[in-house]
Amino acid sequence: MTETIGYISITIGVLFDLLGCVGLVRLPDIYNRLQAATKCVTLGTCMILIGVLFVMGVGSAGMRALICALFILLTSPVAAHILARAAHRYGIRLWDGSVVDEYAKVHRKQQSSE
Amino acid sequence: MIFQLTSFWPYMFMLVLLFSGFLCLYRIAKGPTVPDRTVAIDILGTLMVGFCAMLTLIKGQSFYMNIAITWALLSFIGTIALAKYLEGRDFDD
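The listed protein sequences derive, respectively, from chains A and B.
According to our numbering, the residues represented by the first sequence are 563 to 676, in order.
According to our numbering, the residues represented by the second sequence are 852 to 944, in order.
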């Protein structure tokens, strides 16, 4: 029973990984790509690791999978945020279809106050 | 039933993860700007963590999860370093 739950979880995770990478190829802009790829792949890999925890049971492999899932859940949004900020300050322009850029106003205000 | 699950499906999951990795490699090769390539490298590291988890399922040994944890840590540090380099500031800022 727990093995079946684990394999269902791993299947969902692998599908999320695949969708995230398709979004990484298909979307037009660095920011759109970052959003699709990071959200889908983080959730997908965490689902894979939780599935490994279900399949292998609470042993050495399962607890390591849980620790790895917590680590990815903590660090991947931080990496995505810092990459988006670095891309904006590097001077990458938004896609033409984007409608609002709030960070440009904040960044200009910060520069003028400095 | 259980035997078929454990012998067949992890290889299929590994094939799907390999296909996703090839999509990331396409973005690394083609990506027009440097942050695109950085995002693709970060995602490739996260995919490799899932790949090591599949190896754990196939082999039934737990030390592949050590490789997964180390890979996640190194991918995070590398992404932070590349982002700070792109931003053009120091590391203590």
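Rather than coming from a laboratory, the hints here were simulated on the basis of the structure.
One or more hints might be untrue.
What the hints assert, rightly or not - Under the rule of at most 27 Å between Cα atoms (straight-line distance), these lysine-lysine pairs were calculated in the DSS-like manner:
#, chain 1, residue 1, chain 2, residue 2
1, A, K667, B, K881
2, B, K881, A, K601
3, A, K667, A, K601
4, B, K881, B, K935
5, A, K601, B, K935
6, B, K935, A, K671
Hints, verified against the model:
Restraint check for K667 (chain A) and K881 (chain B): not satisfied, since their Cα atoms lie roughly 31 Å apart, outside the 27 Å limit. At most 27 Å may separate the alpha-carbon atoms for a hinted pair to count; K881 (chain B) and K601 (chain A) meet this at roughly 22 Å. Restraint check for K667 (chain A) and K601 (chain A): satisfied, since their Cα atoms lie roughly 26 Å apart, inside the 27 Å limit. Restraint check: the Cα-Cα separation between K881 (chain B) and K935 (chain B) comes to about 23 Å, which is no more than 27 Å; the hinted pair holds.
At roughly 22 Å between alpha-carbon atoms, K601 (chain A) and K935 (chain B) fall within 27 Å of each other, so this suggested pair holds. In summary, the hint linking K935 (chain B) to K671 (chain A) is supported, as the alpha carbons are separated by about 22 Å, within the 27 Å threshold.
In this structure, only the earlier hint numbered 1 is contradicted, and the remaining ones agree with it.
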